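*Asks:* Following the hints, position chains B, C and D against chain A.
Each chain, letter by letter, is given below.
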Amino acid sequence: MTSIFRSRYAVGIGFLVAAVLLFAVAPAVLTTFRLGLLGKYLCYAMVAVGIGLAWGRGGMLTLGQGVFFGIGAYLMAMHLKLADAGPGAVPDFMALISSEGVPWWWEPFRSGTVTIIAILVLPTLLAVLLGQATFRRKVRGAYFAILSQALAAAFAILLIGNPVATGGSTGLNNFKGFFGFSLRDPANRQMLYFIAAAALLVMVLVARQLMVSRFGELLVACRDGEERVRFLGYDPATVKTVAFAVAAMMAGVGGALFVPIVGIISPNDVGVVPSIGLLIGVAIGGRTTLAGPVLGAIAVAWAETSLSEQFPSGWTYVQGLMFMLVVAFLPGGLASLVKWRRTAKADPPPPPAAEKDLTPEPAGGAQA
Amino acid sequence: MDILVTQVFNGLSGGSILLLAALGLALTFGQMGVINMAHGEFMMAGAYTAYVCQQLLGSAGVSLLVSLPIAFLIGGLLGVVLEATLLRRMYHRPLDTLLVTWGVSLILQQLARDLFGTAGVDVAAPAWLSGPVEILGFAFPRSRLFILVLAIVAVVAVTLVLKLTPLGRRIRATVQNRQLAESAGISTRRTDMLTFFIGSGLAGIAGVALTLMGSISSNLGTSYIVDAFLVVIIGGIGQIKGAVIAAFVLGVAQSWIEYSTSASIAKVIVFALVVAFLQFRPQGIFQVRTRSLV
Amino acid sequence: MNTDYLELTGLTVSFDGFVAVDGVNLSVLKGDLRFLIGPNGAGKTTLIDAVSGLVQATGRAEFAGKDLLGLKVHRIARLGVGRTFQTATVFEELTVLQNLDIAAGAGRSPWTLLRKRSGVPAAVEEAMETVGLTALADTQAGILAHGQKQWLEIGMLLVQDARLLMLDEPVAGMSAEEKDETGRLLQRICADRTVVVVEHDMDFMRSFAKSVTVLHAGKVLSEGSVAEVQADPKVQEVYLGPGHHTAEEAAIVLGEGA
Amino acid sequence: MIPTRARRSLLTAALLSVGLVLTACGSRVDDAGGGAAAESCVDTSGDSVKIGFLNSRSGTMAISENTVFDSLQMAADQINATGGVLGKQLTVVAEDGASEPTVFAEKATKLIQSDCVAAVFGGWTSSSRKAMLPVFESNDALLFYPVQYEGLESSKNIFYTGATTNQQIVPALDYLKEQGVTSLFLVGSDYVFPQTANKIIKAYAAANGIEIKGEEYAPLGHTDFSTIVAKVRDAGAGAVFNTLNGDSNVAFFKEYKNLGLTPATMPVLSVSIAEEEVGGIGVDNIVGQPVAWNYYQTIDSPENKKFVEEFKTTYGATKVTSDPMEAAYTSLYLWKGMVEKANSFAVPDIQAAAGGVTFDAPEGKVTVNGDNHHIAKTALIGKIGPDGLIYTDWSSGAPIEPDPYLKTYPWAGSLSG
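Chains as they are written, first to last, in numbering that gives the first Met the number 0: chain A, 0 to 367; chain B, 0 to 293; chain C, 0 to 257; chain D, 0 to 416.
Next comes chain A alone, as it looks inside the complex (with noise of 0.2 angstroms):
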């Protein structure tokens, strides 16, 4: 686990690549149109970070990010709605269907920095009610999952079931500006993109400090003995509860800034389904290292957008396999084959380390 950060150097290098290719690089290479699809990854990307610290630190298996992911981002569609109609007038799409003006709760997203400041605080705190809600009723495992699950199902059916608010399935699209800036502008969408890069850099020094902390020992803890910790002292939904909220807390940055870089947000973008293919990059990637979610998630977009452009159908064969073949014989993504191989030619591992696949799993280390 910890063999991941015990080179120090290699992460500040792998950390300083990755920020030359993503500033330097990628703007000088790529078209418009290939970097506002990269964009669009690193959104995703940021989602992956969050649940690799949920899912691959904290054992929270969410399979209702998208919700978070859609908050975030239909706050940032109704700021970006509102600016465009300009002060006081109603969206483009409102005024087609219904005469009754803005609903009330839209006011307040008006303002820029509410819309700021609810993007960074309202998935947050629903995360935290959740987790409050079901982590501290011991709540967990597959009952987590399929609550998180039947969530993201009902966040989908209440966006489509109520058009006038938020557009119903088309979702919201046809945003002009960005924050006064005009989002036609070439300059002004690479500038988005460096948002995003940044952002999500910044997200994987989070995530980096949670993991290395005393926290992400207890986090790991939580996972693997929650009842143990408990006997510790420590109230194990609390721990949960931090690091669920900051995984909301990324996917609704991530959905935020998703939105002036893909031009739209629909339902089919927070619901079921996409909420569970956020997954397979966390897994491919390795769901418990830092970068694995990351690369992963990048990864598994682009295999995507390049596949389906060949192969329509193709892509669901692929996307199933992966899951299939990931989960079922390389639990640890490929960041264990990086880990097995790096291990091997440094020194070989303690011979106890074979035996204890072969030892049963003590009543502790399941989560049933």
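No lab work stands behind these hints, which were simulated from the structure alone.
Below, in silico cross-link-like pairs of lysine to aspartate or glutamate (DMTMM-like), each with a Cα-Cα straight-line distance of 25 angstroms or less:
(1) D:Lys212 to A:Glu99
(2) D:Lys311 to B:Asp113
(3) C:Lys218 to C:Glu61
(4) B:Lys240 to C:Asp15
(5) D:Lys49 to A:Glu308
(6) D:Lys155 to D:Asp139
(7) D:Lys318 to D:Asp283
(8) D:Lys406 to D:Asp173
Each pair of labels, with its calculated beta carbon distance range:
(9) B:Arg188 to C:Gly131: 40 to 46 angstroms
(10) A:Ser98 to B:Leu76: 56 to 62 angstroms
(11) A:Gly313 to D:Asn79: 23 to 29 angstroms
(12) A:Ser98 to D:Lys364: 34 to 40 angstroms
(13) A:Gly313 to D:Gly235: 50 to 56 angstroms
(14) A:Leu128 to B:Gly136: 44 to 50 angstroms
(15) A:Ala298 to D:Lys364: 50 to 56 angstroms
(16) B:Asp113 to A:Ala298: 24 to 30 angstroms
(17) A:Gly111 to D:Gly235: 51 to 57 angstroms
(18) C:Thr111 to A:Ala298: 34 to 40 angstroms
Computed from a predicted model, the values in this text were never measured in an experiment.
The C-beta atom is built at its ideal place from N, Cα and C for all residues, glycine as well.
*Replies:* Leaving out everything else, chains B, C and D in the frame of chain A:
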């Protein structure tokens, strides 16, 4: 009064559909801890079995009855293949089974599209199941009555199998204490496989029943899987009677809320109620008391 | 400090009508090394479960003057009550050091938690020394030998600063030398703590117990020193069946009498 | 200690770069001419020209949109076989919209910016069209959209070759009124088309003395219609106006029949059920029910005979043809007509030349309206026959001029506001 009777019946009927979908899950998830997201696609396989039977046999009445056991077999075989190839190695990682079976469900859906086309297909209801039947002055759809009866029969059959047969005793023993069961000479591998066979077979039967209600297409399973899991969760793990109560309560709640609001709102409210319920009974209606650590 | 003792009054635990612990009265003083013995199903582990908050119970369970019943598990732990489990439960993916550090840190501020550990806290250092795992500080707990895991658990109780330690079969599966070492460890740490041990191993009990309580069918059957308990005909009856038994017979089952 | 310091400096670098890009960014929203659309990159120098087909080949809408793709492909092959457009062969770039608005927007951008196609054909749901609209407007490109929709829209970058409301919903209401229906129950899926359609229906009903007995929406993909159908039955309206979409129709009609409701007692007029959906619903469940479109496979005309025959030869004798397929087929020929009239592939030239372009389509002669970019078409009410095909029962007689905002209908005054 009319509305009362109609809506209670609709609720029970919706509940019976949920129950058929959830019964197999209550076995595989409740008793083995495997979260089988492909359960919905096993239902889809059952529905397509009914379609193929009708294409081959022609007569609607005969083909429906014939397809019930065949769908049970096909659903069961799919389950056994899944269990033997993938899930067997994963019993100590229950959460990961969710993702693996999600992948299986994606593949099965796409296979169905490639085999049967993207367009939905129709299974004609036999004459004795179409239209309403008058009971005490109220009109009840025959097909819904049929599903209600089918669900009850399935529950009774599963209960009897678990309670009375040697297989049922083996299943219960394995669920309660795997190691002890093994040392008592029970082949837990075979028991796991048989449990999965029955659970998945029930999905096949549910699929046949669904052909009477709606469209048969590749996404048939996805409409039911979340609700079915909610039923199992509310019912309590390892509890058939819990699933029965949960299914009917959810069904009646859904139909009543839907009647006074709308279908969309009803779904959201029902979900909120489920979360609230778990606040009071985090282990479901029937909790199994245990003194083990986790 | 005089209040640092465990006092159970009419402690009762029932599962769906089955009474596992039935009105147990028990007091264990500081410095004692109390062994709970009794046949399977006597309610030994359930009693610990009730005191540590894992199962609900009625009656009173006072430690250091506070009633523990009804409190949440982590609240009880923070009052200085620590326990181990029949199967050694350590965090397998964390190192020995990390395990102990977590155990030591229940009172840490959020700010401390969000930073990386710098150096080894003194209490952790000391505990590693006490349980003899200093050399293995950076080893993953999952690959420790069985006995070492048990010691790690005890070490975790020490750094947790538990003043009431409840150990559930701490020597199960240990070799003879390991048992002896564990016994001496327990004798060392019980000096300024209250220690309760659930044990089936009669040799181990006989060698290290300061006092013994025998439970049977959820009730206290007998209490006293090892010798007193061994001589108690009620205990002999439970272990050997009804009828009169000779001291020799009792010795075979309950250990070679002193 | 080094990593900590390195981390801090990296963090500073990251924050700095954010500051940098923020100051070095482009035009503001209110800058005059700021952010003009990128220059078109369409290449017409060779002997071929690229066009894009954007349909859902996967996901829930693939059922319908695959058929549109097929007929577009057939039209492109026909045009290529007869000399192409302005002597250039058409090269088709096909993309999958995956039934998701976001994907439609992304793939439209790709077709325009990366593939440099001269025009894009496709889209089905209103969501997909609304998602693509800003893409086509900001890139000043062309989309041909082949499906009937809810109206209240008109973009200079979109040509709508399906019906707008006054060519489908309004005639359907006229038909019901002629049949003596005095009360309606509205059932629809919970999204923009049914909601807008029902607004129009309610305005029409208010002006024509038709009572609305109820209005119910089901979530997309809803499968249990027992409650909704029970409400319909208890309301006892003269007819049901059905704007349900996709799989929900199957569950609805099965339930409808199960409760003993028939076309004779309470007809259900549908506007989203075409020939290829009938098989999935089951002919038994829907026979005799009316539907409203502008084209049926059974239309008796030489153009249609040729269209149907060719389609069956290409894709199989069991295939049926339907209104959106025909509208898609027609859209490619209309584009060809516009290009040839303009003698140019450039978007502004085509927009200028579009008005008055005609085509003898399988549905009859259609004419492009140069103002609102819709086409004039004849409204047909059909009934589903026992063979699963749809037979014309009523016709508007002549093509109806498109009026997406219903400006020529006094009762619709409040709608377009």
